[in-house]
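Undergrad: In mature numbering (1 follows the signal peptide of the UniProt record, and there is no 0), the protein residues as written are -20 to -1, 1 to 314.
It is worth saying that the hints were derived from the structure and are not from the lab. Be aware that a few hints might be false.
[As the list claims (entries may be wrong)] No more than 25 Å apart at the CA atoms, straight line, and that leaves these computed lysine to aspartate or glutamate pairs for DMTMM-like:
#	residue 1	residue 2
1	K291	D56
2	K277	D314
3	K277	D72
4	K304	E274
5	K195	D282
6	K304	D278
7	K304	D247
8	K304	D72
9	K304	D23
10	K304	D314
11	K304	D82
12	K195	D145
13	K277	D56
14	K291	D217
15	K291	E274
16	K277	D247
17	K290	E274
18	K119	D145
19	K291	D278
20	K290	D150
21	K119	D150
22	K290	D56
23	K290	D278
24	K119	D135
25	K290	D145
26	K291	E97
27	K195	D150
28	K304	D217
29	K195	D82
30	K291	D82
Just so it is clear, the structure is predicted and the values come from calculations on it, not from any experiment.
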Amino acid sequence: MRRLHCHLLLLSLSCYSSLALSWSHSQQFQQAENYEGSSDLVDLQYHMGPVLASPINIYIIWYGNWNPSHQATIRDFLYSFSSSAPFPSVADWWQSVRLYTDQTGSNITGNIALAGEFYDSGYSHGRYLTRLSIQSVIKYAVTSQPRPLPLNSRDGLYLVLTSSDVGVRDFCRAVCGFHYFTFPMIVGVTLPYAWVGYSGTQCPGVCAYPFAWPKYSGKPPPSTKGGNNIMGAPNGDPGVDGMISVIAHELAEVSSNPLVNAWYAGDDPTAPTEIADLCVGVYGSGGGGGFVGEVYKDSWGDGYNVNGVKKRRFLVQWVWNPVKRRCFGPNAMD
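Input sequences plus hints: build the corresponding full structure.
TA: Next up, the structure:
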């Protein structure tokens, strides 16, 4: 079976954790230090495949038992891609992703809409999913009566989000999310999709960094004001705020490499390094090597780097900017 692109977090035992990604948990972390200003180690190439240049219609599949406030936070993040908000905004962050083109010169779209939602609260495929059964979840969502999701093979992107009580193979042990495309033998057509799990109760120290601390890394560094020095979550929940950054990561990569034959570095298409992989753990200027970089703090001291709709604030990792040839985000200090 073709290995899927996974969001792999390898947290070091040092005082600050560093993040990394891979297509398979069995692969060793091969990236060099992802310092925000480096470009000499990067050989990102275009492999002639499509990018998502047409307007993207996102269809969420809420799998399991979801907290409505968590759903509202995720919806507002997705609404923020095509809505105005104070600079630096989610839409401003997406501008680096939009710089990538296909062989016709068409850029990745900036028109992203939340087009539909499906509530699989009955756990149609159980409380433990594999990567293939996630495709079956999509099949169920587009065929379930009386209100299935549209089977949109032209400009649909399907986002499967699993709740805190759902296990996914390799989730927490190695992965926090992945993107790929559906197999016609399962879904009927080829559709780009992504999966991200809620880690708030299962593994916040692995998948909700930097809003939580890995249990095996000892005590978190103390704060000068007492307590610990863990960054506060801007929307009040480390699990959902951690999901936001993973969702952003996967949306950037599924848009620039939807069929695994477009933008990536490396010689092996089954194990590519994609545009967000190059900047894992970098959220601001000076980031890399376990340091998130310079980010904003709200009046409660919670960290964020972009603004969204309804005065929301989010912390999302940077992506590789092909023009600047470095990791970049709209909150950059240079």
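Undergrad: Of the numbered hints stated earlier in the document, which are not met by this structure?
TA: 6, 16, 20, 25, 28, 29, 30
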